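Undergrad: So the chains spell out like this:
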Amino acid sequence: MIDHILTLLIFFPALAAMLGFVVAKDSMRAYGIAVAAIEFALSLWLWYAYDPMVSGMQFMESTPIVAAFGINYLLGVDGISLFIIILATFFTLIGIASLTETRRIKDLIITLLFLEMTMVGVFAALDAIVFYVFWELSLVPMLYIIGAWGGPLRIYASIKFFLYTFTGSLIMLVGMLFMAYFYYQATGMWSFSILEWYRLILPENFQLWLFAAFFFGFAIKVPMFPFHTWLPYAHGQAPTIGSVILAAILLKMGTYAFVRFSLPLFPDASVFFMIPIAIIAIIMIIYTAMVAYAQEDIKQVVAYSSVSHMGVIILGTFALNVEGVSGSVFLMLAHGVVSGALFLLVGVIYDRRHTKMMSEFGGLASVMPRYATIFGIMMMASVGLPLTINFVGEFLSLLGFYKQSHVLTLTAGVAIIVGAIYMLTAYKKAFFGPVTNEENKNLSDINKTEMVGLIPLVIVAIWLGVYPKPVLGPINNSVESVIQLMHDKAQSAEAKERIPDLSGKNGTISMQEAH
Amino acid sequence: MLEPINVSLASLNIATLAPMLIAVLGALVILTIDLAKGGLHKSLYVMISLLFLLLDLGSLIGFADVFLKNGTVIGFFNVMLMDGIAILAQIIIVVGSMLFIPLALTSKRFHEYDYPEYFALFLFMIAGFQFMVASDNLILIFVGLETASLALYTLIALHNRHKSFEAAVKYFTLGALAAGLYAFGSMILYAISGSVEINQIATVLAEDHYSNIGYVLLGMAFMLSAFGFKLSIVPFHMWAPDVYEGSSAALAGYMSIVPKIAGFVVAMRLFEFLVHSGVVWLQVILYIVVVVTMTASNIWALVQTDVKRMLAYSSISHAGFVMAAILIGTTQANSGLFLYWALFSFTNLGSFAMLWVNRQKNLLPGQSSDHPYEKFSGMIKTMPMGAVMMALFMLSLAGIPPFALFWGKLYMIGAAVSSGYTVLALIMALNSAIAAYFYLKLIVFMFMKEPIPAYQNSYFMNASLSLKTTIGLAAVVTIFAIFAVNPLLEVITLFVYNSGY
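In order, the protein sequences belong to chains F and Z. Everything in the first sequence is counted per our numbering, starting at 1 for the first residue and increasing by one. Everything in the second sequence is counted per our numbering, starting at 1001 for the first residue and increasing by one.
The following block holds chain Z by itself, in its conformation from the complex:
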């Protein structure tokens, strides 16, 4: 006869679910409002989303406080894990989302924002990402990943262009493949360790001294491929440029930031204990992957003729750069990852938002894509402020000091240097030099060429106050990052160190 098991409510620690539940609740509220009265303006939904995200952020800051006092909080049948990196990643996710959602308030009408479901799906997606980072249970991670991804596919398709459908289907197909690979990987890990919790798996593997190393590596190969797709690591990156091109510029910017930080955190949990226990194969593979991702995508970016595709390749390269942190695996490197990504989210979202305000409704005759370089030709003469902003974001992406990303690069390369990865540090530095070329190319077009009159009407076509505010905010953070680096670094290092990474 089975013993009855008493589950006390206190031990469940339901509070660990609060941040995600706030986002889910927000989505439900939006759906309810739509049920009660349809046809409301998008500004309402944007503001409601923003409010719930603010609440979400508030609860995360509450958790940050608790974390600093009592350490990691575990709850809900031990599947929720609110440690430092979970909190940091969620803060980046929520802040990134708060920057993104005002971009819906364009002055021109776009199909997707007429549906309240867009905003509901958006909040569901955020909840999904939050689940993904705040757990070390492979099953919950999977659920979070799929919730978020399915919502994201729909958001892309809602843009309602021929290319958006193509992008969504492409992303969906490869996403499904990645999900399959993930399931296989977790199955193998479960088979050899009897657990789906990453720290349990680590303990079991350490106890029998990696006697099943062959299976571990097989499982990791599956996992690496799965996250390769999600993080657009070369050679699993081929969806990224097409999907970015097909989705709206704002969403493309969002996709280059938020889903990736979620992926990085899971990769950090999953791979770092293996890197630390000296699994050479994984180190070698990660090394190759990091170097190839950085270098190859930079070289592809050189030959792009469309700014959005260039930025797509550039964000792949940035992801590769940051993957180095997982290979290096020191506290400094992991703190560097969060610092880099926090700064990157402002700069990159700013540059995609610049594309978004210049989005045309219809292409000109002979124009092959939405944002060819020629479109920005001579922009300094017709739209000086816009050109300066765009140049600022490009310089920051190229890593020119003192703008935001330079500090992330500095700290990451510093981490590589101080853990003995000299060659890697040099490769990271030289890749910044390759990347400088395609960022400069846009600056050259904007500042040194003559304007093409046909394009001038499309500058700031989409601009509205909220878009300009978002861009302004991103620019301010990009310029004055120098003052934010020290406090950020202190907080991040504290959180990362106390979570044991």
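The shape of chain F in the complex, shown without the other chains:
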């Protein structure tokens, strides 16, 4: 069974969703929690069975789908994808467990389970077409969640979300077909296997074009400036559960794909585009932080801060060294935990007041002390306070990029610190001072259902902030092999120099621990 655990992880939620049509409406929540819990347990088993000393792919499965065109059902996980899969199952569980939605809950849970299938599928796929299938398929449940349970502008937001990502990924599909064609020219066989593609060394100008084609698909998904405009709408209109899954998992697909596709496939192009992308990333950090500062809606503040942090992830990824890439992969997890938690927290207050305007709040700390505490912890994590999960990732990402460019890293670092202002201001406006609004005086503090969702997130955010090694170790191991591959494949002198050669060092290089 352990040989096929990835197939099981992918299709178990889908199968459960089908059976879910039979379950009665009022029992649906329990069913959803049960399924998500089993799925989460399976993903923990995957972690348990995973050998952290091996840097390559594990639990690989392969079955031909379209043999004539080289499409295989090829799965596998390494340190990079393992934890994102666990994050996906974890958030589906938390999302369903803390669900407060009452409208058509059965449809919602079935949709969430289908979404879980596509999320796990994206991160487990090692064949470009299988990856693409899950990547595109994930749009459909999200479209439905935003469009059916969202706010007043939900239809506009959901269609914008769908069309943006769909357009980007179609350009990426053309890029994938080109890769397969180059592979065909080189070997006489069609193949969409990413591992096979890793063996191709392409001329630099091809790399540049293909990098651009893939970049469209990934950058829109992340979303990188200037393709980010769909995200505030999607977050603003989506129900809490939609925002949580979107911020925690779906956005990670883009950054993950950079590490999985762009870096190892196009090392020379990655070096070529490193500085421009770093500049875009810094613009993302600063610009969205400024926009966040101007928001009146607390959910928009969280949404823009989420985009801002995605900029740090991109920066770390394009550091193209072990520290940077490991840091960015870790930050993907951290960002998932923290922004997911923040969206849940915004959902808590929205359920009580049915408004997200900050001007409506004020002095909540005295009415809802527990809520204020958890919000405070998560907000500190979000701004990257040491001993919280975000700090490890941000520190490593910046450290990695510092080796490439001092000036840009310093700019980014300052931007992150300045960026803390808007979070703190928002927190101050909502939680401190006297209770000015009559309606806020009798708000109840968070209840058990909400606790169930939030407490594990607080624990994770602090535990991995203090002791990141169990997660960072395997990530580091796999990232090293990616970087080594990039160094070996790089052709231009600049790329050889920028991407470190690790073959001289034996074993794992010493990680710069956060503490």
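In short, the hints are calculated from the structure, not lab data. The structure presented is a predicted model; accordingly, all values stated were derived computationally and were not measured. Heads up, the beta-carbon is just placed ideally off N, CA and C, and yes, glycines get one too. Please note that a few of the clues may not be correct.
[What the hints assert, rightly or not] Stretch-level coverage of chain Z by chain F, calculated; a stretch enters the list once three of its residues show a Cβ under 8 Å from a Cβ in chain F:
#1 1367 to 1374
#2 1391 to 1404
#3 1455 to 1462
#4 1484 to 1497
Dock chain Z against the given chain F, drawing on the hints supplied.
TA: Chain Z only, in chain F's frame:
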């Protein structure tokens, strides 16, 4: 004194006519039954048509077997040509027809199905299309084309609505124009080559190194316009939305599939040898035609308010997409054309059948057309299964993986990429993104809006077991296409490659 010519029966190879003759025979049987006893129920005629189509399919599979063993079969004074693409196209034609004919068994009574002639004409039409694809003789192609078209005009008009007559007359007028253009085109080709057989024409033209290139291009211009009408290629498409709107939804779905595959095969025979011999003008024209057809019809589809008209424009766009195969002209592209069309026929017929089951007898006050988007508003709440089916077909048409059409698109774009048409590949991909909008629009109406009570009675008004079965079959093929792609692709590539395309 003329020498007597001995024609041995064996050399005629009458068997090459068998598939068409089965269809003709079926039509005659239906007419005979009606002569003997009138007023029989439509279910009888549907089943008889289905039986003869099955026999037809059986004979085609027999030919497929012969083709794999002995290669192309030529017969009947060398006018019949049973090569791989002829067999593939006929299989698509017959299977498409078999999916279509059970849609006649609606629970409501419709005028046209009371006439046995409807079913006889239907089978004559299939024979016509089969003649058209199984020949490279310009005259026989013409005869097949006209037989099929005349039958089709009548089938549209038999729907007996004001709009159906309009549609039939419109289609007839433009069809007649197309026939004239075709006749002119073949005349010019005959004049410069002295032959009406396409491969003869190709040989003659190649031998004198295209010295008459001006006339060749003139002839091709006529031919391109003629097939432009038949394949509803922009700018010869303007009949299509009106005709689709006027005919019954089932027939509109049928028209978007079967006549077009017949047209594609003839276009493939006619244009590809020119594309391959480097006639730049034709390449440029085809390039423009493909891009404009895809893009313009997608943009028109964006602004439609009626689902049927939207689907009409969408099928024009799909036809443009597939025309790219004729421009690219590699084995991969031509195989892609058949793969795409085989998958498209299930998905598209499924979506038109969904409109057909929701067909109202009378329009509500204020309702402008048969299937406005509002009609499907909030369908997920009142008719969840129907909404899910419809959404499935829309997602497949939009090219969302892993549903049927995605694989066709993937293979077609792959063919464009591997023959160096990079820009074309990008345009094809981006057009799928434009198209996603109007397919999504229907999904938005079904899943995200509130139901409008007045329309609810019309959902599944027409449904009967056989309609539901057809839709179910189309849905199953659409979902599980992923498993069918590999075997299909292998067979198709083998047939296309062995026919020299």
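Undergrad: Work down the list of hints and note, for each, if the structure agrees.
TA: Hints, verified against the model:
1. With a cut-off of 8 Å between beta carbons, the stretch 1367 to 1374 of chain Z has 0 residues touching chain F; three or more are needed, and the interface restraint is violated.
2. For the stretch 1391 to 1404 of chain Z, the stated coverage by chain F is satisfied: 4 residues place a CB nearer than 8 Å to a CB of that chain, which reaches the threshold of 3.
3. Counting residues of the stretch 1455 to 1462 of chain Z whose CB lies closer than 8 Å to any CB of chain F gives 0, so the stated coverage by that chain is violated, three being the minimum.
4. Under the rule that three or more residues need a Cβ within less than 8 Å of chain F, the assignment of the stretch 1484 to 1497 of chain Z holds, with 5 such residues.
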